Amino acid sequence: MSTGVEIIPFFIVMSLFAAATGKTMVNGMDHSGIWKWDMNKPKNRIGVKTEQSVQPELNKANNKTSIDTIMNDEGLLLAALADLGLDFINDGGSIKISINNVDVAFAKDMSGAYAAEFEGGDATAVASLVENVSELYKQKVQQKVYDNVMSRASENGLSLESERVAADNSITLTFVVRRD
Amino acid sequence: MEEKITIRIMPDGRVLAETDGVNGPKCVDYMKLIEDIVEGKIVKEWRKPEFDAIDQAVLNNAQNQRIKE
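Protein sequences, first through last, are from chains A and B. When you line the first sequence up against our numbering, it's residues 1 to 180, in that order. When you line the second sequence up against our numbering, it's residues 1001 to 1069, in that order.
Hint data in this document are derived by calculation from the structure and do not stem from the laboratory. Quick caveat: nothing in here was measured; it's all calculated off a predicted structure. All C-beta atoms in this analysis are idealised placements derived from N, C-alpha and C, irrespective of residue type, glycine included. It is possible that some hints are incorrect.
In the EDC-like style, the derived pairs of lysine to aspartate or glutamate whose C-alpha atoms are separated by at most 16 Å in a straight line are [unchecked claim]:
hint, chain 1, residue 1, chain 2, residue 2
1, A, K96, A, E161
2, B, K1044, A, E163
3, A, K144, B, D1036
4, B, K1004, A, E161
5, B, K1032, A, E6
6, A, K108, A, E163
7, A, K108, A, D122
8, A, K96, A, E117
9, B, K1026, B, E1002
10, A, K60, A, E119
11, A, K144, A, D73
12, B, K1026, B, E1039
13, A, K144, B, E1002
14, A, K64, A, E6
15, B, K1004, A, E163
16, B, K1041, B, D1020
17, B, K1041, A, E163
18, A, K144, B, E1003
Covered, in the sense of this in silico footprint (three residues per stretch, anywhere, with C-beta under 8 Å from a C-beta of chain B), are these stretches of chain A [as the list claims (entries may be wrong)]:
hint, stretch
19, 106–118
20, 137–148
Work the whole structure out from these sequences, hints included.
As C-alpha cells, then:
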C-alpha cells in the first residue's frame, strides 16, 4: 500500500459527524459517550453515557426542543422515513411527521443539516425515533456511495477485481487500474 | 506490478480508500479520483513508507544525474 485516505460523503454533515457518532474532543480530551437529556431540567445535559447518539436541546425562546442530525440530503431522509413506515408531509421548507401525537419537523439549520424540532411530548421517544431515522439514513448513504462507485469506476479506468461484505457490514471493493 | 485501489464503504457512510502498487505522487491523483467518484471530501490522509521511499529514490536519481553532469 502506498497511501490511504478517509472520505466523508457530501450526504453527511461533516462538522456534526464526530459528535453524532459519540466521539467528541473537548480541550484535547476524548469525551466519548453521549449526553442524555433530562426532561425535568431543560437546557441541562447530564453526562451519562447512553445508547442515544442524538442530543435534544430545549430552546427557551420558543419552548421547542431540537435534535441535531448529520443528515442533509432530502431524498435519502424521505427514503429513510418511508422505510420506517412513517407518513410525512414535505412542504418544501420542512418535512413533518407525527409520533405519539407529537408533531416533529425536520428542517435544515445554518450548517445545511436537518434538525428535528418538536414541542412537548416524550422527548426520549422522539430522540429514539430520530436515532432510528439517522441509522437508516447512514445505510442509505452507504448504498448511495456503493452505487456511485460501481457506476463510475469503469468509465474512470477501474476494473472491479473483488467485492466482499464484512461482519461489520462494511463493503470492500478492490479495483485494478486499467492501463488502456 | 498491478496498480490497485481498495475502497471500503463503512456502514456509517464513511469511506476508506488505499492504493497498492502505486508510485509516489500518482497516489494523490488516484485519491482525487476516488474523492470524485464517491462524491465526498477527503478528511484524513496517511502515507505508507513506500510513498516517500519512491519519492526519495526519484530525488536521489535526479541528484546523481546532476553530479554526473
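Results of checking the hints against the structure:
Using a Cα cut-off of 16 Å, the hinted pair K96 (chain A) and E161 (chain A) is violated, with the two alpha carbons roughly 44 Å apart. Distance restraint check for K1044 (chain B) and E163 (chain A): the Cα-Cα separation of roughly 24 Å exceeds the 16 Å cut-off, and the hinted pair is therefore not satisfied. A distance of roughly 14 Å separates the Cα atoms of K144 (chain A) and D1036 (chain B); the hinted pair therefore holds under the 16 Å criterion. Annotation: proposed proximity of K1004 (chain B) to E161 (chain A) holds, straight-line Cα distance about 9 Å (limit 16 Å).
The suggested pairing of K1032 (chain B) with E6 (chain A) holds, with an alpha-carbon distance near 12 Å, which does not exceed 16 Å. In summary, the hint linking K108 (chain A) to E163 (chain A) is not supported, as the alpha carbons are separated by about 36 Å, beyond the 16 Å threshold. Taking the CA atoms of K108 (chain A) and D122 (chain A), the gap is near 22 Å; set against the 16 Å cutoff, the hint is violated. Pair hint K96 (chain A) plus E117 (chain A) holds up; C-alpha atoms about 9 Å apart against a cutoff of 16 Å.
Between K1026 (chain B) and E1002 (chain B), the direct Cα distance comes to roughly 14 Å. Compliance with the 16 Å bound is thereby established for this hinted pair. Between K60 (chain A) and E119 (chain A) the alpha-carbon distance is near 11 Å, which keeps this suggested pair within the 16 Å criterion. For the given pair, K144 (chain A) sits about 11 Å from D73 (chain A) by alpha-carbon distance, which is consistent with the 16 Å threshold. With a CA separation close to 20 Å, the supplied pair K1026 (chain B) and E1039 (chain B) exceeds the 16 Å bound.
About 28 Å separates the Cα atoms of K144 (chain A) and E1002 (chain B), which puts this hinted pair outside 16 Å; it is violated. The hinted pair formed by K64 (chain A) and E6 (chain A) fails the criterion: a straight-line CA distance of about 36 Å is larger than 16 Å. Distance restraint check for K1004 (chain B) and E163 (chain A): the Cα-Cα separation of roughly 13 Å lies within the 16 Å cut-off, and the hinted pair is therefore satisfied. For the hint linking K1041 (chain B) to D1020 (chain B), the alpha-carbon distance of about 21 Å lies beyond 16 Å, and the restraint is violated.
Under the criterion of a C-alpha separation no larger than 16 Å, the hint pairing K1041 (chain B) with E163 (chain A) is inconsistent with the structure, at around 23 Å. For the proposed pair K144 (chain A) and E1003 (chain B), the alpha carbon gap of about 26 Å is over 16 Å, so the pair is violated. By the rule of at least three residues with a Cβ nearer than 8 Å to a Cβ of chain B, the coverage given for the stretch 106–118 of chain A is violated, with 0 such residues. With a threshold of 8 Å between beta carbons, the proposed coverage of the stretch 137–148 of chain A by chain B holds, since 7 of its residues qualify and at least three are required.
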